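The two chains are supplied separately, each in an independent frame; assemble them into the complex guided by the hints.
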Amino acid sequence: MPGLSSGQRGGRAGGRLQRCLGLTTTPPPPCVQPCCRPLCYEQSERRLHKSLQMKMEEMSLSGLDNSKLEAIAQEIYADLVEDSCLGFCFEVHRAVKCGYFFLDDTDPDSMKDFEIVDQPGLDIFGQVFNQWKSKECVCPNCSRSIAASRFAPHLEKCLGMGRNSSRIANRRIANSNNMNKSESDQEDNDDINDNDWSYGSEKKAKKRKSDKLWYLPFQNPNSPRRSKSLKHKNGFSVCTSASNTLPLLFSSSGELSNSDPFKYNNSTGISYETLGPEELRSLLTTQCGVISEHTKKMCTRSLRCPQHTDEQRRTVRIYFLGPSAVLPEVESSLDNDSFDMTDSQALISRLQWDGSSDLSPSDSGSSKTSENQGWGLGTNSSESRKTKKKKSHLSLVGTASGLGSNKKKKPKPPAPPTPSIYDDIN
Amino acid sequence: MCKDYVYDKDIEQIAKEEQGEALKLQASTSTEVSHQQCSVPGLGEKFPTWETTKPELELLGHNPRRRRITSSFTIGLRGLINLGNTCFMNCIVQALTHTPILRDFFLSDRHRCEMPSPELCLVCEMSSLFRELYSGNPSPHVPYKLLHLVWIHARHLAGYRQQDAHEFLIAALDVLHRHCKGDDVGKAANNPNHCNCIIDQIFTGGLQSDVTCQACHGVSTTIDPCWDISLDLPGSCTSFWPMSPGRESSVNGESHIPGITTLTDCLRRFTRPEHLGSSAKIKCGSCQSYQESTKQLTMNKLPVVACFHFKRFEHSAKQRRKITTYISFPLELDMTPFMASSKESRINGQLQLPTNSGNNENKYSLFAVVNHQGTLESGHYTSFIRHHKDQWFKCDDAVITKASIKDVLDSEGYLLFYHKQVLEHESEKVKEMNTQAY
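Taken in order, these protein sequences are the chains called R and V. Last residue of the first sequence: number 426 in this note's numbering, and the count goes up by one each step with no gaps. Last residue of the second sequence: number 438 in this note's numbering, and the count goes up by one each step with no gaps.
Calculated from the structure, these hints are not laboratory results. Computed from a predicted structure; not experimentally measured. We put the CB at the ideal spot given by N, CA and C, even for glycine. Some hints could be false.
Stated by the list, open to error - Derived coverage of chain V by chain R (criterion: at least 3 residues anywhere in the stretch with Cβ under 8 angstroms from a Cβ of chain R; other residues may be distant):
no.	region
1	2-8
2	67-77
3	83-95
4	129-143
5	154-160
6	395-403
Next up, chain V with everything else stripped away, as it sits in the complex (with noise of 0.2 angstroms):
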């Protein structure tokens, strides 16, 4: 006997087998799990840690030169050749392939192809797409796949034209979404209620709609998906500001110069009560006639990565044009205000700080900025993406090169891209009701 500790596969095997039983007895008996719990893993579900497997460790025995990948590293990053006024699409492409969610998801190979033929899926392509751009190659990569797919399934951006980056991503995440169902032209139902694929699960937040009734105070609700919010700016001529800025004090951090619309600014107006007027009667549900109402927009369901538009371009019938106007954006992000659990406290318009800053569930950071140059007819699309959690960084198609973050936060913004801090597991219920509903 060596008196040595000895490693059996097979023992621990089954002693891992025995230890996942265990744990999904333990999750089962408890009957009510909450977010907290849930947040520590190993409650129903355990992670195991990577270990290598003996051709593994022979094929890395043979590769010497290993690199750990540390934070002053150019792995993640390269640019995008433009392959003719498709710097918007490039733009969008560096946003969401440093979506740290969406690149965990494909780096770990979780795609599996549902679509008839996989030269034609949107999703393996993006899968493609982030494999290219994370193998350190210092060469600029060349999209043309992705342009070509793009064409063929959102016939509506097909063309050798300038266009909008807000409108592609809307259109890519369309898309997306269809092939990870394997549907090619949009024939099922795909209530976004109830679809679990990964665009959904990051991108798909609910908008809740208040209508209440002036004269019985009934509220009529619903709520809608989206993937984006896009906000009104001041200067616009639909535009209407009922609040200066500098009234409130400031929220989310953000420097508060008078006289400077914030992004908290445009978000408070995006929710705020909105009377309509006596030419705009709805037939309230309740007392069965034909009342003034108010109509409110809040956030019932947070969506993991936040994706925030600016309306700089103005197709109003007067003029079209683009608003230039600076908006501040801050780094960090709290939408509790904006959520329909607090629209109680906004009475009046006032704003209440919220109380219990202390949880984090609906905070966000920033990690990608899409910035638009030039006019409504030609212009130029950049972004700053984030890397490396606090390292900045413009993409200006074939050329990245270092940014700092006050040269993030002090660009125009047109499109913000904020991701949740703290991310939470489902608990068995919740995704027992979805899969039930679906």
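Looking at chain R on its own, in the form it has when it is part of the complex (with noise of 0.2 angstroms):
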């Protein structure tokens, strides 16, 4: 009698059923309600007992008959619906008794924080675009605070990779060997020498260094972005501009410094009417010396300078230190910018605000953005990299054009040569 097995099952299943759902806070589902079972329960039933028919005849066990085949769809269906609805509410049941029934609240006002915004002008967090000027991060190398757009190329001189880095090591090196020359007070005392090159004491310093040109204002009068605005200012040869109408002239000529020592300054190459022809003899066998017209001082660059042509620097020498001056032999690598300090963290520093400052003439059309960079504009980093004359990177694999493609001006050792004259500062 299929009918009252199915009832009994039906029944017990019920009443389990109902002790475990009095534990629920959820209402049971519909149709395990004893009352409104029979009629899709039934329904399914007669569907499962058909197609098990047709099951076991297509395996040609047709020796069952038909009111064993009943029984067997009813076993099997009310396994099936046991399971479906037991087996959840046991869950409910379990989730409620070891205490993380309740983990599926959510709570609805923080949700709304996270709804993804689709709106012109405002990115999905409803954010407005390109105010992202500001963020900073610490290097890992130098453990200082760096604007994050600027960060690659800080990251490119810190580890000592960019295109400058050897050409400014070889400046900061030949600048600490000419602080000890002309400085013989402090040569002894290094921890003097100490201070004066920390990152706090830098003003000190040049004022120190610089006694004879103690009205120079508060600047490197020699750092690359100087030369750079040289450059576009093309300074013209002394020929033409030095003769008799140089007024005595106090450096700042149009730029000013900014407070921050460390940030880029302007001003273009020494002035040279305040030095001493002992002074302008030494400065002459190390750096370009042209004058230039704009500015009124001479270049600090090397004596390869490309700026400025051989004859131009004769042209120079001849003038102050008269006809039988002659153009020194130019050494592989020393630059005597002048540099005061010798502290690699304060060039760094100095050096951040650089961009890709690149000295070579080939480079003249992305030295101006890499400038509005220097200056911390914040431009769009997008607008500096559609503007950049850029080398071929985008190669393919293997192909890489590495920094070794990269003209250089004069190929520089990242040490220098001659070990004498460095031994003390090492």
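Written as structure tokens, this is what we have:
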């Protein structure tokens, strides 16, 4: 009697169900209520019966008679229903008993915080574009706080990989050498030297060093930035401008220094009027020295500076040192730009604003944009990307044109070749 | 007696252990385990549902402001600040962090650092990157640590300049792969065929190269591991397009407009038998003579994530330019015709449609597209990524905006990332083989 057996089973299942359901807070699904059980239950049962029959026919197990078939169908069906309903109930019961039933609840207010925004002019968080200029990060190499959009160029210099890094390193070394020569009273005391060149006391150091040039404003007269603007101004040779018309100038030729001595400063050379003949001579042995018509200052770049010709350099020397003056033999790597600091930290802090300051003529197009970047004006980096003239780096795998392909002004070894001069530095 | 059902921890623990034992027994008695069976968990390995512990419950109880991630949530999306020409890096990071299987690996904290110092481990950094990008924080992330690590470990990429996104992808995958093994310098014999680090499990496919001798028809086969497939485009000087597009019916449901090249066309060209000219005779192993031969590339093993790279940057002797030809690519891709096993059906270059299209094994779905705007010298990378199953977002460095599928499919396309639709469990036999060989 199949009806009876299924009823019994259903009854038993129903009883268990009710007991479990008493412990939950959700209402039970309607179709397991004993009162409406018969309707959908029996329909589905009939369907299952039919499909079972078909299957059995396929498998040619026609030995079983109809009633047994129905019994099997009912059993299977009851098991299925039990499993899906009871199983669910047991899960809920378990969740309540073990205390994690509440986890499904969410807080609707805080859900709203994360809704995606889809409006023009706003990103998905509802923020306006291009407001991220002030993001900063800490350089893992030198532990200083750097503006995020300038991090890559800073890191390049920090790790010593940039196109200028070796040049700057040489300058620094040459500078410290120069320092030691010109201030003999401080030579012996390393501690004082360190103090002088430490990050905070640059001002003091500069003051001391440039006793003779004391009226120069607090700037490094020789930052590469300066030379760049010099390039833009296209200094003329001294022949055309020097002769009679050079008034005594103080060096603020239009550009002002910032209050922060480490920021880019704009003075473009050395005011030669105040230098004594000995100093001039020593300067001219290591620097280009050509006087810019705009700024009336001497070019502080190397003897091979591409902006000026040898002819110009010769003229300057003759002008200052008399007709017997001769352009000195160009050494390979000394850039005596009289930097004031030997401390790499201070140097790098200045240079972080330089952008990719490559002074070779081939990059004149790009230098302007990097100048903008160097000022930290927060230009959208995409602009500079588009305007920058770039080497072909969008290459296929394996054919990356690395740093080696960049033209260098002159091949500079990272360490100076003559050990004798630099013994005392390291 | 309360006549209630009780749940005792110790008894449940015993039950769990016994169940595990029973399943293991079940697995080892089966002599052959087919793929279909393997796709059901429980054969040899049971994946238990997560259950909270008491301290976790307390903690959760104290924090009632819980959120459930719905499909309109921003969680999982976050901008990346451009550190100075690093848009190429940002795009690759967005693509990798939205690779479903990689995301699952890192968000379930599966990485165990093997490197001597974790600060230098790129995989650890990747892990923290996932954490940052899935934090729900709306302000863009500054990936400076990532840049630093990449420059240290992939010196050829170091330097402040614009770079190629594809090159960065390969270099990053290489460093990640090495660091998964704790190999800092790349000295160990890294044989990707036997490596089971997460990168190799996901990205490494096998490219089969068959060289057929024209005289004796002997075939010499090599299989090389590959992380991506670089495709030539029509219009480049070096490419050769024997088939006019439009001749074959569309295999992958791409909108087939005559004149528009599709990704399938490119793949067909990639896997066509190529006749190596008389100037490139190869010594045949079987007939021991120098003969002309044909070479054919097919996929031997498909990776879980397939990356396609369009060779848009041409560096030939006469010119260097970017090829901007629009290539149409599909949302769903079936790689069956390009498998080594389908080779026989490609007689005379005719592509047979897959007969068993009900088989989902080789079906892929697009989930990330990296685009380049600009010229060879200078340009900008942006990416489209797929999130919440069917929503697409455009990632332009720090700005993420919603995009439509049409935007994605209409874009030029430089790097395409496809994810397998059905993941298979390795059968025990295959696992054994791998571990022995390694």
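These are the hints, each one checked on the structure:
Only residues whose beta carbon comes within less than 8 angstroms of a beta carbon in chain R count, and the region 2-8 of chain V has 5; three or more means the coverage holds. With a threshold of 8 angstroms between beta carbons, the proposed coverage of the region 67-77 of chain V by chain R holds, since 8 of its residues qualify and at least three are required. Coverage of the region 83-95 of chain V by chain R holds in this model, with 5 residues showing a Cβ closer than 8 angstroms to a Cβ of that chain against a need of three. Look at the region 129-143 of chain V against chain R: 5 of its residues bring a Cβ nearer than 8 angstroms to a Cβ of that chain, three or more, so the hint holds.
Under the rule that three or more residues need a Cβ within less than 8 angstroms of chain R, the assignment of the region 154-160 of chain V holds, with 5 such residues. A stretch counts as covered by a chain when three or more of its residues have a beta carbon under 8 angstroms from one of that chain; for the region 395-403 of chain V and chain R the count is 6, and the coverage holds.
In this structure, none of the earlier numbered hints is contradicted; all agree with it.
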